Amino acid sequence: MKSACVAVRDLSKSYGPATAVSGVSINVRAGEFLSLLGPSGSGKTTLLMMIAGFEAPTAGAIHIDDRDITELAPNKRNIGMVFQRYALFPHMSVADNIAFPLRMRRTPKAEIRRRVEAALALVQLEEYGGRLPSQLSGGQQQRIAVARALVFEPPVLLMDEPLGALDKTLRGHIQSEIKRIQQRVGDTVIYVTHDQEEALTMSDRVAVLSEGRLAQVGTPIELYERPQTPFVASFIGKMNFIAGEIRGYDGDMVVVELPGNAKLTVPNGGRTCGLDGKRAVRVALRPERLRLQPRGQGGPNAIPGTIETAIFVGSFHLLLVRACASATELLQVQLPAGEGALRFERGDEVDVLAEAAAIRLFATASA
Amino acid sequence: MTEITALSLDRPLAKARAASSTGSAGHRYSMSLSLLLVSPLLILLGFAFVYPIGRLISQSFFIPGFSLTHYARLISEPIYLRILLHTIEIASIVTFAALLLGYPVAFAMARLEGGWRTCIAVCVLIPLWTSVLVRSYAWIVLLQRNGIINNALVSTGIVAQPLRLIYTEGAVILAMTHVLLPFMILPIYAALRTIPDELTRAARNLGAGAWTAFAKVTLPLSLPGAFAGVLMTFILALGFYVTPALVGGPRTMMMATLIGQQATEILDWPFAGALSTVLLAATLILVAGFRRVLSLSGGFDNE
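Protein chains in written order, with this note's numbering: chain A, 1 to 367; chain B, 1 to 303.
Hints should not be assumed to be uniformly reliable.
Per label pair, the in silico range of CB-to-CB distance [claimed, not checked]:
hint, chain 1, residue 1, chain 2, residue 2, range
1, B, 219, A, 126, 25 to 33 Å
2, A, 73, B, 30, 44 to 52 Å
3, A, 73, B, 128, 33 to 41 Å
4, A, 2, B, 214, 43 to 51 Å
Because the hints were derived from the structure by calculation, they are not lab data.
Since we're looking at a predicted model, the values are computed, not measured.
Glycine included, C-beta positions come from ideal geometry on N, C-alpha and C.
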């Protein structure tokens with residue numbers, strides 16, 4: 001199957017005074033699995049609906065390869081789509097559902113039969129062609145929906161939170177199934193989800209949306225290691241934020257003072273975002289990149305604190321530490337589990353150690 | 001009628017609902033308590049419905065003494081069977097007209113949003129809440145010899161003489177269609193509302209144009225509602241009394257009018273009973289036949 005690239009340029013959508021999507025530009029490469037990730041109301045579904053042709057953009061353009069499809073009717077776009085609630089036609093058998101797009105394209109009968117069988121084989125439901133959708137489980141229905149969306153070999157496949165209605169164990173299974181099918185047919189996939197874990201595990205690249213705008217596009221590792229905005233930092237994985245103030249620059253390093261006189265020295269190169277000489281900053285620390293030492297043994301880049309709670313989660317210990325001065329926010333610290341008992345317990349006075357390379361600074365919003 | 005309107009259009013949803021309710025379905029009322037709870041209704045139905053009908057039917061057989069004379073008269077005098085057939089014919093035409101007119105209204109109501117939907121709903125419901133008598137008189141005002149329509153036609157010179165509009169079969173069909181339209185629109189609307197938007201979108205996405213998507217997806221899924229509407233309208237039309245009595249003439253006699261005449265004017269209760277029994281039997285047979293055809297064509301849930 002030939003896959004195509006999708007170019008979204010300055011796409012906006014407003015409903016009266018409310019803006020759902022504003023000025024989004026993304027280039028999806030041919031054969032790429034790209035997720036649109038964001039909380040509800042971030043505009044990710046509206047963006048997908050505009051690509052599918054169900055919503056008309058207020059401004060901007062959508063191209064598939066060299067073809068401008070901005071004004072094209074949805075049935076002329078030749079884009080596959082998997083809907084959130086499967087959207088299988090309840091009055092048609094599974095085979096008729098899959099044959100539907102082929103019948104619409106006036107494919108010869110024998111060819112339809114052959115391709116329906118191939119599509120059923122692709123999703124490993126060969127035996128189910130004669131059943132009604134209601135006679136299948138949720139996961140099976142979702143696989144049929146995928147088969148129906150792929151049977152006419154569209155170069156682009158859109159998926160709108162296709163696993164939202166499934167329970168968690170089934171979701172993991174279908175995730176790998178979708179990934180397997182995508183790798184086999186080589187389609188360009190645009191996948192909408194609000195589940196950051198799902199986006200990270202399945203995607204080649206992830207586009208994070210917030211309030212109708214594109215916050216950042218990048219590979220899962222890029223988003224995790226080098227978030228460009230505090231929103232991306234907090235939305236992808238867990239993140240601690242502490243308010244701080246820049247005290248000075250030391251060569252390539254920035255010295256940040258935290259409440260309680262703790263000082264962090266952070267490398268300046270590429271680690272800071274939009275500071276522009278501002279003094280008030282938010283220091284972002286990943287819980288899994290923090291370590292603990294007994295008070296006084298921390299050395300440089302130590303934040304003194306007291307352990308409030310220690311929770312054993314299974315694969316790791318989660319400790320909530322109250323940094324001495326900033327009394328309101330608790331620092332989350334994740335320590336790997338396994339090697340014997342935890343050396344710390346509730347009430348211990350500790351130094352939280354932050355790896356300099358893992359610290360990121362963001363300008364305090366509107367400060 | 002419940003099994004018609006409660007057809008599960010969205011079976012996955014219905015199934016999920018059934019599955020989630022099995023937990024709480026363990027709590028059931030005991031048989032005696034259930035009987036106690038429905039007994040007021042049963043008593044009311046017994047006195048106000050079963051008893052009079054039973055009495056009417058028995059009168060048609062047993063007054064004076066057991067005989068089939070009333071039924072023999074019904075068959076031997078062709079006028080009565082002709083009126084029965086005519087009633088069925090008018091009911092069919094009215095049902096068909098209501099379906100043709102009602103479906104688009106229901107569709108618009110299901111598809112439009114906010115103010116427009118309310119506007120249509122009001123237009124559908126206000127007539128329903130208005131007395132049939134008032135609506136029938138309104139048609140007389142419109143259709144009579146020096147009514148609004150005739151006055152307009154004559155004053156604009158389209159016709160020289162006022163047309164004969166009232167007391168015709170056309171007037172009966174027109175007024176009955178209008179009166180019964182809400183009974184067609186509401187079940188179709190209910191069925192259309194249960195069809196998720198995603199299905200139409202899926203059809204469009206898979207390559208169907210707007211019309212094809214409607215014909216292949218929306219229309220078949222709304223058929224149970226249309227069948228319910230057809231059945232309801234047809235049954236009501238078969239026994240309709242007020243409107244044909246007011247806007248119809250002597251040549252457009254329908255069964256209900258005939259029965260009323262026999263009971264209240266001629267006071268021949270046994271014969272009125274025989275007519276009622278025949279109308280009831282005809283209605284039941286037609287409805288049963290109708291349902292059978294529909295279930296064969298898959299219109300009903302035939303799991």
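Here is what the structure says about each hint:
Against the hinted window of 25 to 33 Å, the Cβ-Cβ separation of residue 219 of chain B and residue 126 of chain A comes to about 31 Å, which satisfies the hint. A beta carbon spacing of about 59 Å between residue 73 of chain A and residue 30 of chain B contradicts the range 44 to 52 Å that was offered as a hint. At about 38 Å, the beta-carbon gap between residue 73 of chain A and residue 128 of chain B stays in the expected band of 33 to 41 Å. Roughly 32 Å separates the CB atoms of residue 2 of chain A and residue 214 of chain B, a value that falls outside the hinted 43 to 51 Å.
In summary, the numbered hints that this structure violates are 2, 4.
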